[in-house]
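Enquirer: Can you build the whole structure from these sequences, using the hints too?
Reminder that position 411 of the sequence shown reads as 412 in the numbering used here, one-by-one numbering, no gaps.
Honestly, the hints are just simulated from the structure, not real lab data. Cβ coordinates follow ideal geometry from the N, Cα and C atoms, glycine included. Treat the hints with caution; some may be incorrect.
Stated by the list, open to error - Quick list of the computed label-pair ranges, beta carbon to beta carbon:
1) Val639 to Glu513: 25 to 35 Å
2) Gln51 to Glu327: 52 to 62 Å
3) Asp562 to Gly434: 42 to 52 Å
Stated by the list, open to error - Cut-off 35 Å, straight-line C-alpha distance, at most; resulting in silico cross-link-like pairs (DSBU-like, lysine-lysine):
4) Lys38 to Lys144
5) Lys255 to Lys38
6) Lys255 to Lys538
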Amino acid sequence: MNGVGFRWDDDLVGPARRIAELNHTPMRVLAGPGTGKTFALMRRVARLLQNGAAANRMLVCTFTRTAARDLEAELARLNVGGADEVRAGTLHSLCFGLLRREEVLEATARVPRPLIGGDDKFEVRFLLEDLRDTGFAGVRDCKSRLRAFNAAWARLQSDNPGWPQDAVDQAFHRRLLRWLRFHEAMLIGELVPESLRYLRDNPASPHRGVLDHVLVDEYQDLNRAEQVLLDLLAEAGHLIVIGDEDQSIYSSLKFAHPEGVANFDESHPNTHDERLEDCRRCPRRVVEMANTLIANNPGRTPRVLRPLPGNPDGEVLVLQWRTIEEEAQGIAQIIQGRIQNQEVEPGRVLVLAPRRQLGYAVRNALNELGIFAHSFFHEEALDEDDAQQAFTLLTLLAHPEDRVALRCWCGFGSTSLRCGAWARLWAHCEASGETPRAALERLASAELTLPNTRPLVERFRDLQRRLGELEPIRGQALVDALFPGNRDWTVLIRSLASAIEGDEFDAQELRETLRIGITQPELPTDVDYVRVMSLHKSKGLTADLVVVVGCIEGLIQQQYDPRRTILTQDQFEREQRRLFYVAITRTRRILVLSSVTRLDRRLAHRMGARVGRGNWTHAATIASRFLSELGPTRPDAVLGTSVLGAR
2 MNGVGFRWDD DLVGPARRIA ELNHTPMRVL AGPGTGKTFA LMRRVARLLQ
52 NGAAANRMLV CTFTRTAARD LEAELARLNV GGADEVRAGT LHSLCFGLLR
102 REEVLEATAR VPRPLIGGDD KFEVRFLLED LRDTGFAGVR DCKSRLRAFN
152 AAWARLQSDN PGWPQDAVDQ AFHRRLLRWL RFHEAMLIGE LVPESLRYLR
202 DNPASPHRGV LDHVLVDEYQ DLNRAEQVLL DLLAEAGHLI VIGDEDQSIY
252 SSLKFAHPEG VANFDESHPN THDERLEDCR RCPRRVVEMA NTLIANNPGR
302 TPRVLRPLPG NPDGEVLVLQ WRTIEEEAQG IAQIIQGRIQ NQEVEPGRVL
352 VLAPRRQLGY AVRNALNELG IFAHSFFHEE ALDEDDAQQA FTLLTLLAHP
402 EDRVALRCWC GFGSTSLRCG AWARLWAHCE ASGETPRAAL ERLASAELTL
452 PNTRPLVERF RDLQRRLGEL EPIRGQALVD ALFPGNRDWT VLIRSLASAI
502 EGDEFDAQEL RETLRIGITQ PELPTDVDYV RVMSLHKSKG LTADLVVVVG
552 CIEGLIQQQY DPRRTILTQD QFEREQRRLF YVAITRTRRI LVLSSVTRLD
602 RRLAHRMGAR VGRGNWTHAA TIASRFLSEL GPTRPDAVLG TSVLGAR
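Expert: Encoded structure:
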């Protein structure tokens, strides 16, 4: 089995071989939370294999690496011949593997080296600064245009003739692609559209028509380009999609297209539908609350989740505290009490937080009580400048010709990121055909002279010195040299590095492990500690005790900002409600919904919370309106302090 990194094996390419039992009728499985969709998916795979389907011509595709690993484990347990040859992975890993093939690199003239960082963070920040320096109206304007282009690629608007129409957008697009091509990089959002473009433009490609069966989980979380790419991959075979529009939570973040599952039958004639509506996971009270909540979303396909007759009634607590410190300590005590009373095990507890500050507070409070808790806010591992510089140094140690990393290294330490000096080096390289590294080596040895590039040369000399020191180091010593254990910003990075087996790994293995762990975090499912994470990351997980903290306006739901999303306000609110729906349906037994009555004003502003009156240091908060949408089976809210020690 190829695991989460789908591989375009040579034994797959060539004319497609059909099997007699092949069924071309598309299938849609509408599956609510906890209804056993993974079991249904595996049952379908087993049946196909038993009927003679070729395992190496079957793709099981899902949205996250965690889900892909779970599918891989389930396939291994099937005990059906050929199950270990079924390809299971994410669509992004599939596209990455395709774009790296030599013949595809030659055809697309693009290098699938994704930039790390969203919006204006880390490597993307250098791109935006360089574009701003070429005449566009500031970083904010560039960021807005970049978000629009990402959305257009994801939604296939770029297929429209004459797109883009606006002259400034056209100029921005040209400059953006020029930057990406010179730096031999791609935006993460380009991976799928570039793969789709290649396959569309090359109908004779040996990578088309090689799959007999394509089974897709979490179809509602895919964007339009991803859904069309899957159609193309399954053009000569059988497409089965599993999804639930009520659990679509990535339209704001990744331009997901929930209409794709809702209207699947309109674009795929003769679709056969199956429905999974019996919730095997959630207590009866939680199912009723979830149904009442999601019914507030207008325009959804009317469906009702049904609890199995044997499901327990469940326990729901709606608590309110004065401060986040009191909330963290109180929630930690509640969890501690349930564990000590042997009602739950630590590994069966999930704490979900809309902001990392709230999650960290609960994690720290639990650890102080001797309850080991681990947080999973991996995307923030490279927020600190020191972390970015260390990771960039590691990248250049692993890949000396990496142009994006070289650009970043030369810009660190300057408020302008040395855009002007880099632009002069860039112009020289484009005119001469010389690589940036080769040009900097000649500048450093005085073989080449370019005006006003001295700051770049100084940074490059520092790079040469540091790389020389790091070159002979391997294993844990390399981790210690780059990410010393006595610094707060290295904790998460060192945790990710600890997953590498042995002590002889080199810079390339360390860099790839950290890149994947940070940009595509895999959440462990079989653990002996309390897991603390965002609501988005809880997708696909299950626990006996689920705690959702920060249930206040501005956090759950977030405040609408048209500058940060392509969605209308109504679409945004519907997605926020779906996110809360996903969060509360993670539980098997106990659900705790927690809010606070006031926040530090500066923290509230930083987190985007909606606040009312207070004093000059603290402001009053407002409980999330979603709590009132949970219906009559939801218990009344009580002071959190009133339940401490009650059990």
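Enquirer: Now tell me, hint by hint, if it's right for this structure.
Expert: So, going through the hints one by one against the coordinates:
Separated by about 49 Å at the C-beta atoms, Val639 and Glu513 break the suggested range of 25 to 35 Å. Separation of Gln51 from Glu327 is about 57 Å and conforms to the stated range, judged on CB atoms against 52 to 62 Å. In this structure the hint that Asp562 and Gly434 lie 42 to 52 Å apart at CB holds, the actual value being about 44 Å. Restraint check: the Cα-Cα separation between Lys38 and Lys144 comes to about 38 Å, which exceeds 35 Å; the hinted pair is violated.
With a CA separation close to 23 Å, the supplied pair Lys255 and Lys38 stays within the 35 Å bound. Simply put, Lys255 and Lys538 have alpha-carbon atoms about 14 Å apart, close enough for the 35 Å limit, and the pair holds.
In summary, the structure is inconsistent with hints 1, 4 from the numbered list given earlier, while agreeing with the others.
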